[in-house]
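S.K.: Got chain L sorted already, so can you dock chain S onto it with the hints?
Now for the letters of each chain:
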Amino acid sequence: MQQIANWALNTAALRGATYADARIVAQRSRALTTKNGRVGSASDSESVGMSVRVLADGAWGFAASEDLSRAAVEATAAHAIEIARASARVKLRDVEMAPERSVTTEWSTPYKIDPFSISVEQNIDLLLNIDSELRAVEGVTLAETNLNFNREESWFVSSEGSDIHQTKYSTGAGYAAYAFAGNEIQKRSYPNSYGGQWQNKGYELIEELKLLENARRIAEETVALHSADQCPEGTFDIILDSSQLGLQIHESVGHPIELDRVLGMEANFAGTSFLTLDKLRHLRYGSDLVSVVADARQEHGPGLGTFGYDDEGVPAQCTNIITNGLFTGYLSSRETAHTIGENRSGGTLRAEGWNRLPMIRMTNISLLPGEKPLSLEDLVSSTDHGILMQTNRSWSIDDKRYNFQFGCEIGWEIKNGKRVRMVKNPSYSGITTEFWNSLDAICSLDEWTLWGTPNCGKGQPQQVMGTGHGASPSRFRKIKVGSAYKSN
Amino acid sequence: MLTQEKAGDIFDRIKKLSTADEVEVFLTGGKFSLTRFANNTIHQNVAEENHTLSVRTAFGGRTARASTNKFDDESLRRVVEASENLAKVQHPDPDLLPMPDRREADANAGAGATPSRHFAATAAITPELRADGVKRIVGVAGRQKLTAAGTYSSNEWVEAIFNSRGLNKWHEQTSAEISITMIADDSSGWQKANSPDATNLDPLELAETAAQKTLDSAHPKEIPAGKYTVILEPAAALDIVGFMFWDYSGTSILDQRSFLTGRIGEEIFGENVTIWDDVNHPLQTGSPFDGEGMTRQRVPLVEKGVVNRVVYARATAARMKQSEYRDNVGLIEATGHGFLLPNETGEMPMNIVFAAPQTPQTIEQMIATTERGVLVTRLWYIREVEPYDKICTGMTRDGTFLVENGCVKHGVRNFRFNESLIHMLSNVTAMSVPVRSCGEESIDMVVPAMKISEFNFTEVTRF
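Quick mapping for you: the protein sequence lines, in order, are chains L and S. In case it helps, this note's numbering puts the first sequence at residues 1 to 488. In case it helps, this note's numbering puts the second sequence at residues 1 to 463.
In case anyone wonders, no lab produced these hints; they're calculated from the structure. Watch out, some of these pointers could steer you wrong.
Stated by the list, open to error - Partial selection, computed: residues in chain S whose CB lies under 7 Å from chain L:
{"hint": "1", "residue": "Thr19"}
{"hint": "2", "residue": "Ala38"}
{"hint": "3", "residue": "Val134"}
{"hint": "4", "residue": "Arg136"}
{"hint": "5", "residue": "Val138"}
{"hint": "6", "residue": "Gly142"}
{"hint": "7", "residue": "Gly394"}
Because the structure is a prediction, the values reported are computed rather than measured. In this text, a Cβ means the ideal position worked out from N, Cα and C, and glycines have one as well.
Bound-form chain L, shown alone (with noise of 0.2 Å):
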C-alpha cells in the first residue's frame, strides 16, 4: 500500500502539489435483517480504492478511483492537480493548514470477538428467536431485527512523511415491533430506534445488550401504547432517556460546533450555526451541570467516533466543549483551526469511505454524567409533576440549529415522584441554548451509555458518518411538550 500510496504523492509532486496526501481504505460490511419471521435482507459487500487530495495554486483538489494500477493511481493524481488549479480559479486566498508533526504508526479498534467469526447461521437465529419474542404478543403487526457488521482498513500517507495504518471494526443491532390498529400505528424499537445500538466494538456488543431478554417487554410496550392516553400538551419538567439525550446532543452541541458549518462551509445543504465565532467563551450554552467534551480517544470509550489518528493524520484528541454551561471550544481541523486562534487541529477530519473527502465530522460529542449518584429512579422520585419520554421517533431542527422538536415513542406521566401513567404520542421542542440552560438534574456514570448513531448525514455529495453520544438521563425544567400534535 505505501507503493500505491507513493506513486500518487509523487506523481503530486511532480506536478506542483504543495500539499498531498493519499488514503487507500478497504471497507467490508454484512447487513442482516428480519422481518416477521423470514430474512428480511442478507448481504456482503466489499469496497477498495484509493484517493488523493493536493493543494497545488493555494486551492484544494480531490479525485478517488477503484483502480489501483500504477496507471490508474497516476491518473488520479494527475487528475487531482487539475481539480486544484481548476479550483484555484475562484478564490480570495490561499488555503493554510495548521502544522502536524508527521507520525509512523498503527492503531486498531480493540475487540474480543471478531464479528466476521460468528457464523451466517448463528445470527439469523438470534434474529429469529428475538422476532419470534416479539410477534408472540398479540397485537403485533410488524417485527424488524437487524444486525451490521463493519471492518475498515486504511492506510494514510503524506507528503509531510506521516504514514498511519488504523483498522476499525463497529458492531450495530436492534430490532423495532408495530402495532397497527384502528386509525394507529405504534412503534417500539430496542435498545434505540433506526438500527438500535452501535459501537466500534467486536460481535461481544451484541452478547451485551440482551437484546432476547428485553423483546417481550418491547412488544407489550407497543401494544400498550393503543390504550394509553394522548400525552398531554403543554409546559412540562422532562426527563429524557440516555438515548434521547443523546441524540439531542447530537442534533443541539454537535453539529453547531462544526467550525465548517460555522465558517459557511455547509451552507447550501446542512446549513450554518448559530455559534458564530463571537460567542466562543462567551455563551452561556447551558447551566452549570452541563459540561461536554468532543472525544475521539479510546479511553472515552467503543464509540463511533473513537479512532487513533483522523483521515488528515491528526491524532485523536479531547475536546472540551461546553465546560459546566460555558461554551468553550468547536471541532476544527488543519485547515480551519486558525480561525478561533488554534494553532493544531482538534483532530475531527473523516471520510465515508475511500471515494470522499474528509470533512469535520463529530467524534464522540458527550455530556459529562452527573457527579453526585443518582439513578433514573432517584430522577423521577424527585419531580413533582413531568413527563419522563423515551427512545427517539421523529426528530427536525433548523438550519442554524436553534429551533428543534423531538418525538419519542413512548412516555410516562410523573406526579409526587412517581409514574403515574404511560403516554403516547410524546413530543418537545424549544430553542437549544433555553433548553440547554433549564438542565437542572444529570444521573450519574452507572446510568451513562456511549450511544452510536450511525447515520449522520453531511456535505455534498453527501457522507454517511458515525458519530458516538455519551448521555445518562437528565430532567429539563418548563419545556414545551405537544406542539407537534397541536391543530391536527
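M.R.: Showing chain S alone in chain L's frame:
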C-alpha cells in the same frame, strides 16, 4: 467507463463461477464530479470513478447478495462464493420467485419508450467548465454584495442487470446539477436545478433569482405561528409530498405501516390532485427497469383525489393476491418498481409526476389572489411525526415571505410546521404547471407550485 460489452463479459465470467440454481448480476457506476463553493470561493472540488458489481445467487428458495468493486478473476470468485455461502444458509423463502426472463420482464411494459438520458455535452464537462460556471455565480453575488455557496456537479453512469434466464438490460445516463444559496447579513435565498442535459441549466439565471430572494427577504420580521394560506414553490412542495411515496407500495400495505392501509379507493385528497409514476415522462430521469430487471410501468397512483393503486415488485404482487387485502387495493400486478433482492422494503414509485391542473396559475397569480399568506421557497429537515395521519414536521428556509393584499410584503422569520399530508393535499386551492424540480429531502419530481389553505405553522425560530 464500463461498456455494455465489458458488462456482458463480466456476467459471463460470473455465470461460469456460480454453482447456484440461478444467478443475477447488477452493475452500476461511472464518473461523478462535484465542485463546491462557499464564501465566494471554491473550497471543495472532487471527482470519483467507481463501479460496483453485485451478485445474487439462488438455491431453491434461498437467496442472498454480495458486492464488490473489483473485477479481477480472484475478486469475482470471492464475490460469487460470498453470495452463495450466504444464500445456502438462509431459511427457504416460500415467496421467492424464479428470476424473470426477458418476456416476463417486458410483458406489461406498455407502448412508451424511455427517452435518451445520456448527453455527450454533459459527459464532457471539465473541472474548468464547472469553475467557470461558479465564477459567474460568484460574480452575481459580488455585484449584489452577497455571499454565494453551492454546488455544480456533472455525472455519467450506467446501470445493467443480467440473469441466468437470459435477461439483460442496460441504461446509461448523464446528469448536471446546480444548487445556489445566496447569503446576506440576515437573509438568504436558494435555487436548484438539474437535468440530464447540462445545456438546460443556466447558472446565471439561478444565481440572479437566488440573489433577488436574499435581497427581498432582508430584515425579516417575526409574525406569529398559526394556520396560514401558503404558496409552496415546486421545490418546497416536492420535499414535503415526497414523504408519502414510500407508502404507495404493496409491501407497506402488507406490513400495515402505510397510511393507505384501508384507504385505497377512497377520496382522501382534493379532486384536483392526480398523480402517477412514469419513468418515461420527458422530464423524468432514471433507468427504465427495476431491481429484478422488470420494465417500469406507468402507474396511476391517485386520480382526482382517489388513491387507486400502489406499485409492486413481483413477489409482493404474488403475496398481495393471496392476502386479505386483495379485494380492496385496486389492480394487483408487478409494476417494475422493486428494489434489489433480497430486501425488506419491497418497492417504491421513483418517478412521480403530478397532473397539470385544469386552470394552472403562475406563482405571481397565486400571490395576486392571496389576502394574507406565506410564500415558501424551500422546506428543510422534514421528518414524519405520525405515520397514519401522515403528519410531517420541518422548517422553512432560504426565502420565506409574508403575502398581503395580493403582494409580497417582506421577509419573515422561518417557521416550524406540523402538517398532515392528507389535510394538505385536501386543501390545494391552486397549482402551477408541473415542472421538473429537485430539493434535498425527497426524490426529484415533476411537480407544481401549490397554494394551500390552513397550513399549520406551529413555531417560529430566531432568524
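S.K.: Are any of the numbered hints broken by this structure? If so, which, sorted upward?
M.R.: Going through the list in order, the structure violates hints 1, 4 and 6 and respects the others.
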